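Kindly produce the complete structure, drawing on both the sequences and the hints.
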Amino acid sequence: MHEWALAEGVISTARKFAEENGLTKVTEVVVVIGELQQVEHDVLEFAFEQLKTPLFEEAKFVLKAEPAKFKCRNCGHEWTFKAQGLSEDISEAIHFVPEMAHVYIKCTECGSPDFEVSKGRGVWLATIKGEKDE
Amino acid sequence: MSDPRIAVIEQRFEKVGKIIAVSSGKGGVGKSMIATSLALNLRDRGYKVGLLDLDFTSPATHVIMGVDGLYPEEDYGIIPPLAHELRYISITHYSLDEPAPLRGQDVSNAIIELLAITRWGELDYLVVDMPPGIGDATLDTIRLIPRIEFVVVTTPSRVAYQSVRRMIILLKELGIPMAGVVENMVMHPSDYVKSDVEKLGLEYLGSIDYDEAVEESLGDVDALSKTGFYKRVGEILPDFL
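Chains A and B supply the protein sequences, listed in that same order. When we follow the numbering used here, the leftmost residue of the first sequence carries the number 1, and every step to the right adds one. When we follow the numbering used here, the leftmost residue of the second sequence carries the number 135, and every step to the right adds one.
No wet-lab data here; the hints were simulated from the structure. A few of these clues could be false.
In silico DSBU-like links for lysine-lysine, alpha-carbon gap of 30 Å or less [stated by the list, open to error]: (1) A:K60 x A:K132; (2) B:K149 x A:K52; (3) A:K16 x B:K149; (4) B:K333 x B:K360; (5) A:K64 x A:K119; (6) B:K360 x B:K306; (7) A:K132 x A:K64; (8) A:K69 x A:K119; (9) A:K16 x B:K152.
Here are some of the chain B residues that sit facing chain A, going by a computed Cβ distance under 7 Å [to be verified]: (10) D137; (11) Y210; (12) E232; (13) A250.
Reference listing, derived: stretches of chain B covered by chain A, where coverage requires no fewer than 3 residues with Cβ under 8 Å from a Cβ of chain A [as the list claims (entries may be wrong)]: (14) 234 to 244; (15) 325 to 338.
Model, not experiment: these values are computed from the prediction. In this text, a Cβ means the ideal position worked out from N, Cα and C, and glycines have one as well.
As structure tokens, then:
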């Protein structure tokens with residue numbers, strides 16, 4: 001997913017959560033980022049700085065990376081994304097739409113394109129911490 | 135805890151006027167031909183139009199329009215490239231013409247991703263070439279794209295229409311607005327589809343005769359725009375939208 005779109009989504013989701021739970025100040029947002037997304041952490045952090053509203057003035061954005069793992073549905077073989085060595089064009093296609101992994105990646109053991117991304121596909125908000133007015 | 139993509143989708147359609155989903159319960163009825171011709175007909179009338187091909191397993195709109203090598207520009211998300219003056223998004227921008235062996239959940243995820251990152255800008259109309267059938271992809275599209283209105287395509291074949299009919303019933307149950315039903319590839323006039331569509335309380339938008347020139351026109355938008363098929367789409371569809 002694109003870093004700016006992701007930052008917008010995180011801020012928007014966290015703001016909604018804060019409103020629903022009566023938080024007047026958000027102090028920490030933890031975002032888990034699957035490796036398959038190939039999100040550039042620096043760009044994402046910069047986008048957070050640009051997009052944050054007063055509610056997030058003191059917020060710390062913590063980014064946690066989750067390595068991507070694949071499991072073949074045909075032979076059961078498991079392998080990692082790092083082992084792939086993809087070209088720049090293919091990496092970029094997967095960056096924008098991670099399911100494109102199914103177009104370009106095959107099981108490193110049996111060659112099947114039918115595999116699951118067992119870890120490291122998504123991006124999600126893990127926790128939000130904040131303060132309520134006394 | 136929470137998927138941040140969902141929160142941005144609605145705002146991506148803020149400046150988009152009418153959103154028309156061209157759909158069918160059955161493959162092979164000419165859904166992509168009608169979606170593409172509808173988008174181009176609206177363009178002919180001077181509207182700003184987008185075309186979104188969500189049929190990831192059998193993308194066809196790029197073949198119909200003869201576009202190749204388009205790639206979205208990156209700018210705080212992605213900007214749909216222009217194809218024959220349409221703002222155009224297809225999975226083939228990323229998958230090229232390789233097969234995309236995606237399971238249901240993968241198709242859903244890819245659709246969510248594209249909807250979250252695409253910045254359509256100002257459009258009068260967005261025409262969506264929907265995934266076929268009533269599986270995950272269709273249900274997610276209905277759930278995620280705001281203000282979506284359906285044009286349902288069938289052929290006179292009872293085999294096709296029975297699938298399409300089940301889709302119509304599902305859309306009615308979901309409370310999704312439907313402009314009506316188009317009967318495509320008509321070779322012998324019959325009231326079979328029209329009377330049943332009206333019995334279901336829907337608008338029968340019209341029929342389009344089978345047109346051999348359509349196959350010949352594939353990849354050539356100028357040739358397509360001269361076919362009887364294209365003109366008929368222009369006659370029966372935009373008036374209802």
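If any of the earlier hints don't hold here, list their numbers in rising order.
4, 6, 15
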